[in-house]
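Place chain A on chain H using the hints.
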Amino acid sequence: MSGYLTFRIIKGAFVVVLISLLTFVVMRIMPGDPVYLLLGEGQIPISDAQIAAIRAKWGLDRPLHEQYLVWAGNLFRGDFGTSLIRPGVPVRHMIFEAIPVTATLNFYALVLAIAVAIPFGIAAAVRRNSIVDYASNVVSALGIATPNFWLALMLIVVFALYLRWLPPFGLRSWQGYILPVIVIATEEMAVLMRITRGAVLELLPQDFVRTARSKGLSERAVLYRHVVSNTMLPVITVIGFRVAFILSGTIIVETVFALPGIGRLFVDSVLRLDYQVVQSLVVVFALLVVVVNLLTDMVYAFVDPRIRIST
Amino acid sequence: MSDSNFAQTLRRSADRRSFFRTVLAMAVAVVFGASSVAWAQGTDGGTLVWLGHQEVAGLGPNDIGPDVQAAVIFNILNPLVHVNHLTETEGVLARSWDVTDDGLTYTFELEEGVVFHDGSEFTADDVKYTYEFYAQPGNTIASRFNGMREVEVVDAHTVRVHMDSVNAAFLRVAGEVPIVPSDYHAEVGDDGFRTAPIGTGAFRLEEWRPAEFTQLVAFPEHFRGAPLVERLRLEVVPEASVRYIALLTGDAHATVWPISVEDSLELDADPDFRMVATNWNSPRFIPLNNEVPQLSDRRVRQAMLHAIDRQRIIDDLEAGFGVVATSHLAPHNSFYNPDVPLYPYDPERARELLEEAGWTVGSDGIRVKDGQRLTFTTTTISGDQQRRPMAELAQIFLREVGVDMQLAEAPVASILQGLREGTLEASLFNWTHGSTTDPSPTSTLYSTGGDNFTRYNNPEMDGLIDEGLGLVAEEARRPIYDRTQELFAEDVPALYLHFNQGVLVFSNAMQGLPDEILSSTPLFYRAHEYSLD
Numbered sequence: 015m016s017g018y019l020t021f022r023i024i025k026g027a028f029v030v031v032l033i034s035l036l037t038f039v040v041m042r043i044m045p046g047d048p049v050y051l052l053l054g055e056g057q058i059p060i061s062d063a064q065i066a067a068i069r070a071k072w073g074l075d076r077p078l079h080e081q082y083l084v085w086a087g088n089l090f091r092g093d094f095g096t097s098l099i100r101p102g103v104p105v106r107h108m109i110f111e112a113i114p115v116t117a118t119l120n121f122y123a124l125v126l127a128i129a130v131a132i133p134f135g136i137a138a139a140v141r142r143n144s145i146v147d148y149a150s151n152v153v154s155a156l157g158i159a160t161p162n163f164w165l166a167l168m169l170i171v172v173f174a175l176y177l178r179w180l181p182p183f184g185l186r187s188w189q190g191y192i193l194p195v196i197v198i199a200t201e202e203m204a205v206l207m208r209i210t211r212g213a214v215l216e217l218l219p220q221d222f223v224r225t226a227r228s229k230g231l232s233e234r235a236v237l238y239r240h241v242v243s244n245t246m247l248p249v250i251t252v253i254g255f256r257v258a259f260i261l262s263g264t265i266i267v268e269t270v271f272a273l274p275g276i277g278r279l280f281v282d283s284v285l286r287l288d289y290q291v292v293q294s295l296v297v298v299f300a301l302l303v304v305v306v307n308l309l310t311d312m313v314y315a316f317v318d319p320r321i322r323i324s325t
Numbered sequence: 415m416s417d418s419n420f421a422q423t424l425r426r427s428a429d430r431r432s433f434f435r436t437v438l439a440m441a442v443a444v445v446f447g448a449s450s451v452a453w454a455q456g457t458d459g460g461t462l463v464w465l466g467h468q469e470v471a472g473l474g475p476n477d478i479g480p481d482v483q484a485a486v487i488f489n490i491l492n493p494l495v496h497v498n499h500l501t502e503t504e505g506v507l508a509r510s511w512d513v514t515d516d517g518l519t520y521t522f523e524l525e526e527g528v529v530f531h532d533g534s535e536f537t538a539d540d541v542k543y544t545y546e547f548y549a550q551p552g553n554t555i556a557s558r559f560n561g562m563r564e565v566e567v568v569d570a571h572t573v574r575v576h577m578d579s580v581n582a583a584f585l586r587v588a589g590e591v592p593i594v595p596s597d598y599h600a601e602v603g604d605d606g607f608r609t610a611p612i613g614t615g616a617f618r619l620e621e622w623r624p625a626e627f628t629q630l631v632a633f634p635e636h637f638r639g640a641p642l643v644e645r646l647r648l649e650v651v652p653e654a655s656v657r658y659i660a661l662l663t664g665d666a667h668a669t670v671w672p673i674s675v676e677d678s679l680e681l682d683a684d685p686d687f688r689m690v691a692t693n694w695n696s697p698r699f700i701p702l703n704n705e706v707p708q709l710s711d712r713r714v715r716q717a718m719l720h721a722i723d724r725q726r727i728i729d730d731l732e733a734g735f736g737v738v739a740t741s742h743l744a745p746h747n748s749f750y751n752p753d754v755p756l757y758p759y760d761p762e763r764a765r766e767l768l769e770e771a772g773w774t775v776g777s778d779g780i781r782v783k784d785g786q787r788l789t790f791t792t793t794t795i796s797g798d799q800q801r802r803p804m805a806e807l808a809q810i811f812l813r814e815v816g817v818d819m820q821l822a823e824a825p826v827a828s829i830l831q832g833l834r835e836g837t838l839e840a841s842l843f844n845w846t847h848g849s850t851t852d853p854s855p856t857s858t859l860y861s862t863g864g865d866n867f868t869r870y871n872n873p874e875m876d877g878l879i880d881e882g883l884g885l886v887a888e889e890a891r892r893p894i895y896d897r898t899q900e901l902f903a904e905d906v907p908a909l910y911l912h913f914n915q916g917v918l919v920f921s922n923a924m925q926g927l928p929d930e931i932l933s934s935t936p937l938f939y940r941a942h943e944y945s946l947d
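Read top to bottom, the protein sequences are chains H and A.
At position 91 of the first sequence (counting the first as 1) the number is 105 in my numbering, and the numbers step up by one without a gap.
At position 406 of the second sequence (counting the first as 1) the number is 820 in my numbering, and the numbers step up by one without a gap.
So here's chain H without its partners, still in its complex pose:
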């Protein structure tokens, strides 16, 4: 077990280093120059000396490998550097400010999605081809097919503009979380519902279910004790997957509802070519995905004793 862990951790570290290198290279290959972006609208002529001075201030005049080593070395010591666009503000600060927003959104969305999707997914499988099944099918198909920016705007129009129950944007109060959580949960719910239904359907004809039934257990007991506990495996996989999608999945929701989360920080930084922030964010997320993957595998072993970890 500990040998396996060490192996996984070394492998994970290797992945993170590789990703940091890739991101660094991609950001530099990307056409465009952050200095020009900063100087902006061209009302006033800018001399080459000024551009050189700004570049030197940011350390962009040094050779590429040196820039990478400086950055990676600092990162290793936990120093993310300072933002190019928000001068003087440490990147760590920006990331730690944005993470709670995105984490809160996704946590509640996941809870909501699980609370709705699992019971309905199970019901749909057990009462296959019933009204419940058709309804859950339609709902999950709609959930997957509805673009989240559209759903978000419709919810704002209904709940903020017509009913005036909720604020149209922002996080001035906890009510600000309600609409974005619903939007994120809708998509997750749709996916989870289908997966739960599929997993249960696969289990129902299995031998152990037949055995349980022939033992004389009630249908309820068969379902809860034997079937549902076994559907947890695919569900955990999906939840682990979602973590990797947080960065991409909440960008639109954060933009529409004007929430200062990690997705918006990422997009803003890419558009403004804020190398420091983009690189650091990617490394943080690579780390997160590696850790979550590891955790998911550990949870597998915990939930399903048949899975034995070996090197």
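Bear in mind the hints are in silico, worked out from the structure with no lab data behind them.
Where a beta carbon is used, it is the ideal one built from N, C-alpha and C, also for glycine.
Be careful, since some hints might not be right.
In the SDA-like style, the derived pairs of lysine to any residue whose C-alpha atoms are separated by at most 25 angstroms in a straight line are [said to hold, decoys possible]: (1) H:K25 / H:P48; (2) A:K542 / H:N88; (3) H:K71 / A:E835; (4) H:K71 / A:D605; (5) A:K783 / A:R813; (6) H:K71 / A:R834; (7) A:K783 / A:D753; (8) H:K71 / A:Q831; (9) H:K71 / H:P48; (10) H:K71 / A:E601; (11) H:K71 / A:Y543; (12) H:K71 / A:V826; (13) H:K71 / A:T609; (14) H:K71 / A:G552; (15) H:K71 / A:P685; (16) H:K71 / A:D597; (17) H:K71 / A:G606; (18) H:K71 / A:P480.
Far from chain H by the CB rule (all over 10 angstroms, computed), these chain A residues [claimed, not checked]: (19) M562; (20) M577; (21) R608; (22) A625; (23) F627.
Chain A only, in chain H's frame:
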């Protein structure tokens, strides 16, 4: 759902709404206890709420470029002068000013009895410190001080700026740099200052969350009088349609960054709102790389201008808010030359010019010359939903006369670099070619200009620009810029489409806006004059 049904739902919802409100209010009161009480007490004059579209990255003089940042910064810090909503130079910390005839010495008389937010007094030393600090290369705004040699403190309330060379725009460009308190700035440095600014403005910084909101609170000792509202809050709302809804719900009183023209017109019809349309200084234009062989003949470029129905673009895509460009300066510019010939929409004339230049129609309808097809690519800014349709319409017009314009998209940073390095053929955006502050198209039309996106190279233009920059008096400069506009229209280095109007919407709950408005951005620099209904 029919109308009556909907009304019923609304009525029913009103009862439920009040029930929910009560429950929520109780919950909030329990959770936030004392803090919510403090919030309610602090709002005598109310909170003025404005909306921006992008984060407020910093709050120092180096950050005044983007409109959204300027709207906050100029209420915390004050410059010597502002170019105001009537495009006039208005004194702020400068009571009066004087320029010598040779344009080499500026003398400013400063307001007396002005204090910074920390209680220290504003004097000429602060001006000297600010100007000399921000003129150093490495500052984003350093080029505003081009030509400046030194700042002399004559007495506590008089400063004199000595120039090495004439910079006709100095008063309006350098004069608008906000003044920082020298002791505090020297202590915390510029990076420290832009995150915790102290100024002479009517508001001081209370809370700053760059990507979320910036909140200011009234500074009653402000030298022009205490502001009428208690707080000013700028919220960052990237999505234009959500800004529109926030105006409708009363969650905001104005948007610093526009919403769509359609939504603006809708609000204009509502008596609770006022729409303000103002002219932009920068044309919407298609910069053409003049070094690309198929675009190097000016007859081809002239033909393309004749081929595009520019009024139709304004009517169909700008809801009529714009005026066809005749040259590089906007019609509201005091240096505008009304006698430059216009290129009317005339596809026949376009075909003649192309034939004259030797381009004949090939088998697929696209013109050919010596085996070279008349084709080029216009790269628009990724996600630019406003201007991309203009490129599409132009594409159709050009196809009519046998010119094939392909479309592509790229991020703005790579477009600017591609044009500067000559690796792109064309694009479509707005860029100032001389403003109301200074008519000289130095950076865009000079052969070595930093923003010479068209790779334009005409020695006569270079000579005119050099000559114009050396002159101070407006009458002496006028014939020079009359000629730059003629020359620009003869050479057509870029397909200049039109000068669009910017449209902003203000809620009438925000009172105190001036009646006449020629420029809307400076409206946000005078928050202390506005009150809430």
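We went through each hint and held it up to the structure:
Only pairs whose Cα atoms come within 25 angstroms are accepted, and K25 of chain H paired with P48 of chain H is rejected, the gap being roughly 34 angstroms. Of the supplied pair hints, the one linking K542 of chain A and N88 of chain H is violated, its CA atoms being roughly 38 angstroms apart against a limit of 25 angstroms. Restraint check for K71 of chain H and E835 of chain A: the C-alpha separation of about 24 angstroms stays at or below 25 angstroms, so the hint holds. Between K71 of chain H and D605 of chain A the alpha-carbon distance is near 12 angstroms, which keeps this suggested pair within the 25 angstroms criterion.
Restraint check for K783 of chain A and R813 of chain A: the C-alpha separation of about 16 angstroms stays at or below 25 angstroms, so the hint holds. As the CA atoms of K71 of chain H and R834 of chain A are separated by approximately 23 angstroms, the hinted pair is consistent with the 25 angstroms bound. Our distance criterion of 25 angstroms between C-alpha atoms is broken by K783 of chain A and D753 of chain A, whose separation comes to about 35 angstroms. For a cut-off of 25 angstroms, the pair hint linking K71 of chain H to Q831 of chain A stands: about 21 angstroms separates their Cα positions.
For the hint pairing K71 of chain H with P48 of chain H, the CA-to-CA distance comes to about 13 angstroms; that is within 25 angstroms, so the pair holds. A C-alpha spacing of about 20 angstroms is found between K71 of chain H and E601 of chain A, which places the hinted pair at or below 25 angstroms, so the restraint holds. A threshold of 25 angstroms between alpha carbons decides the hint, and for K71 of chain H with Y543 of chain A the separation of about 21 angstroms falls inside it, so the pair holds. Using a Cα cut-off of 25 angstroms, the hinted pair K71 of chain H and V826 of chain A holds, with the two alpha carbons roughly 23 angstroms apart.
Note on K71 of chain H and T609 of chain A: the hinted pairing holds, with a Cα-Cα distance of about 18 angstroms set against a maximum of 25 angstroms. Between the alpha carbons of K71 of chain H and G552 of chain A the distance comes to roughly 7 angstroms, so the proposed pair stays at or under 25 angstroms and holds. About 51 angstroms separates the Cα atoms of K71 of chain H and P685 of chain A, which puts this hinted pair outside 25 angstroms; it is violated. Our distance criterion of 25 angstroms between C-alpha atoms is met by K71 of chain H and D597 of chain A, whose separation comes to about 23 angstroms.
In summary, the hint linking K71 of chain H to G606 of chain A is supported, as the alpha carbons are separated by about 16 angstroms, within the 25 angstroms threshold. Between the alpha carbons of K71 of chain H and P480 of chain A the distance comes to roughly 21 angstroms, so the proposed pair stays at or under 25 angstroms and holds. No Cβ of chain H comes within 10 angstroms of the Cβ of M562 of chain A; the nearest lies about 13 angstroms off, and the non-interface call holds. Once the 10 angstroms rule is applied to beta carbons, M577 of chain A is consistent with being away from chain H; the minimum gap is 15 angstroms.
With a minimum CB-CB distance of about 6 angstroms to chain H, R608 of chain A fails to clear the 10 angstroms threshold, and the non-interface call is violated. Non-interface status of A625 of chain A relative to chain H is broken: a Cβ of that chain comes within 10 angstroms, the nearest being about 4 angstroms off. For F627 of chain A, the non-interface assignment is contradicted: its Cβ lies about 7 angstroms from the closest Cβ of chain H, within the 10 angstroms cut-off.
When each numbered hint is compared with the structure, violations occur for hints 1, 2, 7, 15, 21, 22 and 23.
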